[in-house]
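Trainee: As a plain string of letters, each chain reads:
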Amino acid sequence: MSTENKKVMVIGGGIAGLTVAWELSRFNISVELIEKTCFLGGHAIQFCCKATDECLQCGACSVEDMLKKVADEPNINVHLATEVESINKDKKFAVSLKKSSLLTDSEKLNESGICYEESSLKGAVLRGYSKNNTPLYVILDKKICDDNPGAVPEGAVELDKMGMSGTIEVDAVVLASGFKPFNAEIKETYGYRKFNNVITGLDMERIKREKGAIVRPSDGKEPQKVAFIQCVGSRDERLGNLWCSHVCCPYALRMAENIKYKNNESEVTVFYMDIQNAGKNFPEFYEKCKLNQRFIRNIPVDIYPMEGDQLRLRYMAEDDGLPVEEVFDLVVLSIGIMPNLENSSLAEIFGIELTDDGFFAGKDNLNRTSTSKSGIFIAGTAEGPKTIAASMAHAGQAAGEVMKHLGVS
Amino acid sequence: MTNFTDGKELKINTDVLVVGGGFTGIKAASEISNLGYQVTLIENEANIGSQKEQKTLVGLTDEDHKCLQEMESRVTSDKRIEILTKTKIATIKGMPGDFSVRLSNNDNILEKKVGAVVVANDFSVNSLNDKYGLSLSDNILTQSQIEEILVSDKEKLADKTVAFLVGLAQETNPLIMERVMRTVIDINEIDGTATYIYTGNLKVASDGLERIYKEGRDKGATYFKLQEMPKISQDGKIVSYHDPVLRRDIEVSPDMIVVDDEIYAGKNNADLSEILRVDLGAGGFLQKDNVHRFPVYSNREGIFVVGPGRDVQKLQAAWMDVENAALEIKSFLGNGIKIVPDNKAVVDTGKCVFCLTCYRCCPHGAIYWAEENKAVISPLACQSCGICASECPMDAIQIGGFTDDEIKNSVKKSLDAKNEPKIVAFCCQNSAFEAGEMAKKFKIKLPDGLKMIKVPCAGKIDLDYILNTFVEGADGVLIMACHNGNCKSEKGNIYAGWRVDDAHRMLEETGLEKERLRFVTLASNMGSGFSSAVAEMENKIKEIGLSPLRN
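Protein chains in written order, with the working numbering: chain Y, 1 to 409; chain E, 1 to 551.
It should be emphasised that the hints constitute simulated quantities derived from the structure, not laboratory data. Don't take each hint at face value.
[As the list claims (entries may be wrong)] Heads up, incomplete: computed chain E residues facing chain Y, CB under 8 Å, no partners named:
1. Glu171
2. Ile275
3. Asp279
4. Leu280
5. Gly281
6. Gly284
7. Phe285
8. Met526
9. Gly529
10. Ser532
[Claimed, not checked] For lysine-lysine, the following DSSO-like pairs were computed, each having C-alpha atoms within a straight-line distance of at most 27 Å:
11. Y:Lys122 x E:Lys441
12. Y:Lys69 x Y:Lys187
13. Y:Lys143 x E:Lys491
Ideal Cβ positions, reconstructed from N, Cα and C, are used throughout, including at glycine.
With the hints as extra help, turn the sequences into a complete structure.
Mentor: This is how it looks when you write it as structure tokens:
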């Protein structure tokens, strides 16, 4: 059956949304890709390469590739700085869109954990993470830019001029709205945002991507003693987060290997509960990690600031159970994947359910891309924690299900 | 966005061979048949689907089992699907779109022509009792045996203490973990039972598994996280270990001990790898742990690997793979007519001496030979890496858009520019070239005298190119490839590294400083990394001076 005149809306421009959009466009299905921020790529585009003398299969470059493919694809109409307002379900879905309020609402922005690298005009201009972002520069504060015309990057677009309001009629909708990174400020004893050299896994990715190496925020120097604290926000009964986020052990171990590779004199310690598998060759990788890194099966509770922006960690020794204190010059909180802020409102708008954990619920065990509503599909971390590879596979399945629904298989 | 000239229409075969009659293979047959293609589903054993021994279905509800049965009966009565049991592949020849397969069924040989292959062969599962130094007995059981007891003879477990050993002999995975955790919950629902689970790293990176873990503990299970294997008496009656919480040595006497399984790649995989000319990855699975292969690609066009064929995963994930493979099949086979470019990779038959070097080095199995005893490159299978072109001792192969002349002319032109020092960087289009573009766009500092030459894969970079570039007046040459394990063509970066080694030896002999030539690996998102690498070269040249080869 012909794919002409079939149109699908994909909500969310992260790796899952990009993958669904591209897969559908391959079969000449027209795609409307809706992204609430002003850049495509979601969180995963912010990740860095972690290779040592070999690739560690983190998948960060796969996101770059997919973004490039989508940017070059004429069948995909991208609407940046746009959110969903409501939907009118008759034969087709008439989805009403509105300009996103996210970036002008600093509280919402902070909560959602999105922030972008700023170029030389601090606070006035945002820059995307990838060279494949178009536009690459977005003007937040027109006045500052008008006062410094020479400094404004070529091609910069005003945020006010971005975003669309209006209704688009589509034949199916895919929710690929991604996740929210755990807000490490909730764990007050870790001093995140109070102590300079306590960073999250996401901060670490951004630093390495920008600077080419992991450096301490306080002085820009490479750290000599690094601590990774795993399961921050995940597997936490007290917070009610009864899930493993899948990605934190892989990203921490890979980053740790990278740090050791760049600077063999440095010491990396991983504080953990249970180490999860990373990649398909995990046993071999784990053996390498055990040679290079210290593993302590204990989660420190308290971090105290010290001179030189160092940090004192307090944890229970494994052998005698007595408290031990150790000084590190960089602490990385391995934060996990939380349900996105908009999940409840999106679920309400589309009439679908959330799981107990707050992610979108798949229809049944064997098909986690279909929902209880015909024509509404889910893909990626919107459905639950996933690695990049798993998000892409999930998105591929969603595309396949969409095509069956449209009757164009 | 292609370097290729328009070509001709090529009619291809649109039948598909599915290897593996478990539920993944059955689902694959179903999906592909629904797309309108003829499917031949082959299975090594005598039975498919529900009649096959299923060791790795976990967490399925009654609804799910009904769904599996329905699908199985649909597939067995589908006229577009031919099911052959006790059958395996003897040989496969030809190219994607035109594979000639010989299937063997006992002594019978069946010839088939197919356009694509989907490999869905099952895992192997083994009990790890040997690794714990234990022999199976009435009270030392495998995971499958305890599951069987729960189904057929539950009351046998009343008032019993059952100890589980999991993830201690070796790292385990969420699939095994879920089986153990569900069994633990079931046992705790029987009167008077107690369960002690001795574990290494608990693998909970799977949907809902942390909740299942909690449910077990809420129902009375005790999990002990040990750093090393407990000592167990040969009769399985005494288990001794050091308790990390109580910090004491403890001895328990369970009524039963359950040892965990290991899941590993199917026994046929090594054979299939050779027959299909598909790379074996870690653990013997039919897919390398290379991000370019995810989710369902192999190194060969037209041959896809799904589910248990490529990784340890649950049925839900295997079915995800199947739907991805179905999309790939649809995209690849289409309506049976492909437009094939003329100049993707061209063999000059006048120069070809039929040494078969190209056949051997092609990472995608895209080269074969014709009756005229000349190498032929399939335009459908070729991925334009150019490894064959640079390995060919007769320089008989040219890659569309990246011919020897085109590259040499680019180099010459780049060295005409005035800026100093002259640095030529050969950049793989999948990694370094993108990183260089990222550096440029983000206005990261790059040397004025830098010129980037794009290549389809670092494997295309001939030794000639490197030496020629110095002769033409470069002060420094960088060969910039993908990281080890990240090459789209698996080994293009390895070949490139070897050529740089060869070039280094030659440079040494001529007296030209070795530091003028560097091999660097990058990823497409490493703008800073690109900048550092080229800056380092610029600094080195400033130190040792411009090339003495320049007049």
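Trainee: Hint by hint, note whether the structure agrees.
Mentor: Here's how the hints hold up against the structure:
The closest approach between the C-beta of Glu171 of chain E and any C-beta of chain Y is roughly 5 Å, which is under the 8 Å cut-off, so the hint is satisfied. Hint status for Ile275 of chain E: violated, given a least beta-carbon distance of 22 Å to chain Y, over 8 Å. Look at Asp279 of chain E: its Cβ only gets to about 13 Å from chain Y, farther than 8 Å, so that hint breaks. Interface hint at Leu280 of chain E: violated, since its Cβ lies 12 Å from the closest Cβ of chain Y, which is beyond the 8 Å cut-off.
Against a cut-off of 8 Å between C-beta atoms, the interface hint on Gly281 of chain E holds, since the closest Cβ of chain Y lies about 6 Å away. Look at Gly284 of chain E: its Cβ only gets to about 11 Å from chain Y, farther than 8 Å, so that hint breaks. For the restraint placing Phe285 of chain E at the interface with chain Y, the shortest Cβ-Cβ distance is roughly 7 Å, inside the 8 Å limit, so the hint holds. With a cut of 8 Å, the hint placing Met526 of chain E at the interface with chain Y holds, because the nearest CB-to-CB distance is about 5 Å.
Among the interface hints, the one on Gly529 of chain E holds; its C-beta lies about 5 Å from the nearest C-beta in chain Y, closer than the 8 Å criterion. The restraint placing Ser532 of chain E at the interface with chain Y holds, with a minimum CB-CB distance near 6 Å, inside the 8 Å limit. The hinted pair formed by Lys122 of chain Y and Lys441 of chain E meets the criterion: a straight-line CA distance of about 18 Å does not exceed 27 Å. Of the supplied pair hints, the one linking Lys69 of chain Y and Lys187 of chain Y is violated, its CA atoms being roughly 39 Å apart against a limit of 27 Å.
Taken as a hint, the Lys143 of chain Y and Lys491 of chain E pair is broken in the structure, with Cα atoms around 53 Å apart against an allowance of 27 Å.
The structure does not agree with the numbered hints 2, 3, 4, 6, 12, 13 stated previously, though it agrees with the rest.
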